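Visitor: Knowing the structure of chain A, use the given hints to seat chain B on it.
As a plain string of letters, each chain reads:
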Amino acid sequence: MIKQISVFLENKSGRLIRVAQALGENDINIRGLSIADTSDFGILRMIVDQPDKAIEVLKGSGIMATVTEVIAMEVPDTPGGLAEVLTYMEEAGINIEYLYSFIEKPTTHAIIMMRVERINDALEVLKKNNVPIVGGDRIYSF
Amino acid sequence: MWNQQYEAMDREKLKTLQFLRLKQSLERVYQLVPFYRKSFDSIRAEPGDIRCLEDLQKLPFTVKDDLRDNFPYGLFTVDLNEVVRIHSSSGTTGIPTVVGYTKNDLDTWAELMARTLTAGGGSSESIVHIAYGYGLFTGGLGAHYGAEKIGATVVPISGGQTKRQVRMMRDLGTTLLACTPSYALYIAETIAEMDMTPGDLKLRSGIFGAEPWSESMRRVIEDKLQIDAFDIYGLSEIIGPGVAYECSAKAGLHISEDHFIPEIIDPASGEALPVGSTGELAITTVSKEALPMIRYRTRDITTLNYEPCSCGRTHVRMDKVSGRSDDMIIIRGVNVFPSQVESILLEMGETEPHYQLVVDRVGSLDTLQVLVEVSEQMFSDHVRGLESLERRIRLEIDNMLGVTADVKLVEPKSIPRSEGKAQRVIDKRNL
Numbered sequence: 298m299i300k301q302i303s304v305f306l307e308n309k310s311g312r313l314i315r316v317a318q319a320l321g322e323n324d325i326n327i328r329g330l331s332i333a334d335t336s337d338f339g340i341l342r343m344i345v346d347q348p349d350k351a352i353e354v355l356k357g358s359g360i361m362a363t364v365t366e367v368i369a370m371e372v373p374d375t376p377g378g379l380a381e382v383l384t385y386m387e388e389a390g391i392n393i394e395y396l397y398s399f400i401e402k403p404t405t406h407a408i409i410m411m412r413v414e415r416i417n418d419a420l421e422v423l424k425k426n427n428v429p430i431v432g433g434d435r436i437y438s439f
Numbered sequence: 009m010w011n012q013q014y015e016a017m018d019r020e021k022l023k024t025l026q027f028l029r030l031k032q033s034l035e036r037v038y039q040l041v042p043f044y045r046k047s048f049d050s051i052r053a054e055p056g057d058i059r060c061l062e063d064l065q066k067l068p069f070t071v072k073d074d075l076r077d078n079f080p081y082g083l084f085t086v087d088l089n090e091v092v093r094i095h096s097s098s099g100t101t102g103i104p105t106v107v108g109y110t111k112n113d114l115d116t117w118a119e120l121m122a123r124t125l126t127a128g129g130g131s132s133e134s135i136v137h138i139a140y141g142y143g144l145f146t147g148g149l150g151a152h153y154g155a156e157k158i159g160a161t162v163v164p165i166s167g168g169q170t171k172r173q174v175r176m177m178r179d180l181g182t183t184l185l186a187c188t189p190s191y192a193l194y195i196a197e198t199i200a201e202m203d204m205t206p207g208d209l210k211l212r213s214g215i216f217g218a219e220p221w222s223e224s225m226r227r228v229i230e231d232k233l234q235i236d237a238f239d240i241y242g243l244s245e246i247i248g249p250g251v252a253y254e255c256s257a258k259a260g261l262h263i264s265e266d267h268f269i270p271e272i273i274d275p276a277s278g279e280a281l282p283v284g285s286t287g288e289l290a291i292t293t294v295s296k297e298a299l300p301m302i303r304y305r306t307r308d309i310t311t312l313n314y315e316p317c318s319c320g321r322t323h324v325r326m327d328k329v330s331g332r333s334d335d336m337i338i339i340r341g342v343n344v345f346p347s348q349v350e351s352i353l354l355e356m357g358e359t360e361p362h363y364q365l366v367v368d369r370v371g372s373l374d375t376l377q378v379l380v381e382v383s384e385q386m387f388s389d390h391v392r393g394l395e396s397l398e399r400r401i402r403l404e405i406d407n408m409l410g411v412t413a414d415v416k417l418v419e420p421k422s423i424p425r426s427e428g429k430a431q432r433v434i435d436k437r438n439l
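Chains as they are written, first to last, in our numbering: chain A, 298 to 439; chain B, 9 to 439.
Bound conformation, chain A alone (with noise of 0.2 Å):
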C-alpha cells in the first residue's frame, strides 16, 4: 500500500504554492497529484518520495495534512485497459472513493491510484486477477 499526502486547503489564493514551498524547501518531491475541490475548499492529494517526513514539514508549517493509504497498480495503457480493471472491483462490491493516474516517464502501462473502502479486499481481488500492484519502492523512489 502506498502513504498518500492529504492536505485540508482552503480556496484562496496562495494556500496551493505554500504547500508546495513548504515540500521544495525541505526537498520533497511531489510524485503525483490530484485536487478534489468545492467552492469553499478542497483536499489535495499527493504522492511525495518522503512520505512521513512531508507529515512532519505541513504540520510543522501550520498545515493540516494526514496520510491516507492508497493502492498503486499498474493497468495497460490501452483503450479498456482500465475499464478491465474497474469491473473486478465492481464484481467484487468495492466502492471506489476516487482514482488518480500517476505521473510516470512513458511505458506500456499507466499507474493509477486508487482509494477504496476496503482496500486488503481490493488488493486480493487485483492479485487474483493478475493486475500488477506497485510498492513503494517503485512510486517513492522513481
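The set of hints was computed from the structure by calculation and includes no laboratory data. Everything numeric in this text was worked out from a predicted model, so none of it was measured. Don't take each hint at face value.
[What the hints assert, rightly or not] Heads up, simulated DSS-like pairs for lysine-lysine below, C-alpha to C-alpha not over 30 Å straight-line:
| # | chain 1 | residue 1 | chain 2 | residue 2 |
| --- | --- | --- | --- | --- |
| 1 | B | Lys210 | A | Lys356 |
| 2 | A | Lys356 | A | Lys309 |
| 3 | B | Lys328 | B | Lys258 |
| 4 | B | Lys171 | B | Lys421 |
| 5 | A | Lys356 | B | Lys416 |
| 6 | B | Lys46 | B | Lys72 |
| 7 | B | Lys171 | A | Lys350 |
| 8 | A | Lys309 | B | Lys258 |
Guide: The following block gives chain B in isolation, referenced to the frame of chain A:
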C-alpha cells in the same frame, strides 16, 4: 473553605449583615457623590427610604457610561490620599473606566480571591502560575494578592511567551494555573506542539475567567490539561476577579454575598425578575470604600440559584455567564451570543473551539458566516465528509439559535489568536 464564618453563614444572619452594610453604603454615596445624590433625588428617594433589602429595587441603576461621564474620580467617595491603587480598562473604545481602591478595599479583594483560589483547589502548598495580564487589568494583581494571602507560592508570569510559560510550569512544578480559558487552551496546544503531555506537568487545577466560556469548553480544557477547571467571575467596576467563584460542585459560582447584593433584571425594561429567571446581572457593593456601586449593570447574562450547595457554602450561585449584552449580536432580529455557537461546535465533539462569527449586511439582509478551523479529529480525506460536517454545524446553529449561518471550514491557525481575550465576532455592518 477559606472563610467558614462568612462563606457558610446562616442566610438570615447574612441578610441582616447585607442590610446593615447596604445602609452604610447608601448613606455614604448619597452624602459624598453628587452623581448618586442627583440620581436618588431624581426619583425622590433618600437612603432612609430603603427599609429592607427588597427596597433596593426602587433605586436607579448605575452603568458603565456613568463611570466614563465622571472620569476619572467623580464617583470616588474618599479623598485621593486614601486611594492606594488604580486599575483601568484599556480604553480602546473611548474613555477608559477607572476604578480605585483603599487599603481596606485591597484587603477585601485579596480575601475574595483567597476564597476563589481555595475553592479552586488552592492552598499554602500550591504553586500558582498567574498568566493573567499584570498592570492596569485587574486579572493579574487580583489573583496575585489572593494567592499570597493563602500562602501559596506565586509565579507572577503575566501573559505572553507561551513556550517559556510551559517550560516554567514544568520546571517549577506548578500546580494551579490562573488565566483566561482561551489562553488555557492555547497553553494546551502549545504543550502538544512542544511534544510534551500534561503528564510532564504537575498541574492539578485552574481558575479561569475574564471571558465567558461554555461547559463543553470546560471539558476540553480538563481533558487536554488533565486538570479540574473552575470558572471565576468578576469585573473591575465591582472589584475585579473574585466577585464569584466555583466550588468543587462545579454547579454555579458562589457570589460573596457578605460583600455584594446580586439581582437579575430584564435587560430591556430594567425590571427586577423573579428568582430563577435568566437575565442581566446587576450588583450592589456593600463593603467597598473608594468606589461603591449601586445596582451596577454588569451586562452579563445569567441566572441565580438560591438552593443549598453540596459544598456547604450558603452564598447564592450564579450560572456560568451565558453571554454579554455587549457581545450580543442581533442578526435579523435574533439575539446571538458567540458562546452559544461555541457550545454547538463543542457538543458536536469533532471540532476545536477555534471559530469566529463574521456578521455583514448585504442589501438590507444580515448575514452570518461562521468560520471554523479544521482540527485533526475532523479532517478527513473525503470532500463529502467535510461537506457533511459543515452541513451539520449549519443545521445545529439553525435549530438552536434560529439563525441561518454560512459555515465555512478554514485552515488551522488562520483565525487570529489572542493571548488575552478572544475576538469571536467581526461585525462589518454599518449600523
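Visitor: Going straight from one Cα to the other, do B/Lys171 and A/Lys350 come out at no more than 30 Å?
Guide: Distance of about 24 Å is within 30 Å: holds.
Visitor: Is the straight-line distance between the alpha-carbon of A/Lys356 and that of A/Lys309 30 Å or less?
Guide: holds (19 Å)
Visitor: Is the hinted pair B/Lys210 and A/Lys356 satisfied, with a Cα-Cα distance of at most 30 Å?
Guide: Satisfied, since the Cα-Cα distance of roughly 28 Å is no more than 30 Å.
Visitor: Straight-line Cα separation of A/Lys356 and B/Lys416 no greater than 30 Å?
Guide: Holds: A/Lys356 and B/Lys416 sit about 21 Å apart, inside 30 Å.
Visitor: Check whether the Cα positions of B/Lys328 and B/Lys258 lie no farther apart than 30 Å.
Guide: Holds, at roughly 10 Å.
Visitor: Hint check: B/Lys171 vs B/Lys421, CA-CA at most 30 Å. Holds or violated?
Guide: holds (16 Å)
Visitor: Given the proposed pairing of B/Lys46 with B/Lys72, does the C-alpha separation stay at or below 30 Å?
Guide: Between B/Lys46 and B/Lys72 the Cα gap is close to 17 Å, so the pair holds against 30 Å.
Visitor: Within 30 Å, alpha carbon to alpha carbon, are A/Lys309 and B/Lys258?
Guide: violated (43 Å)
The structure fails to meet hint 8 from the earlier list, while all remaining hints are met.
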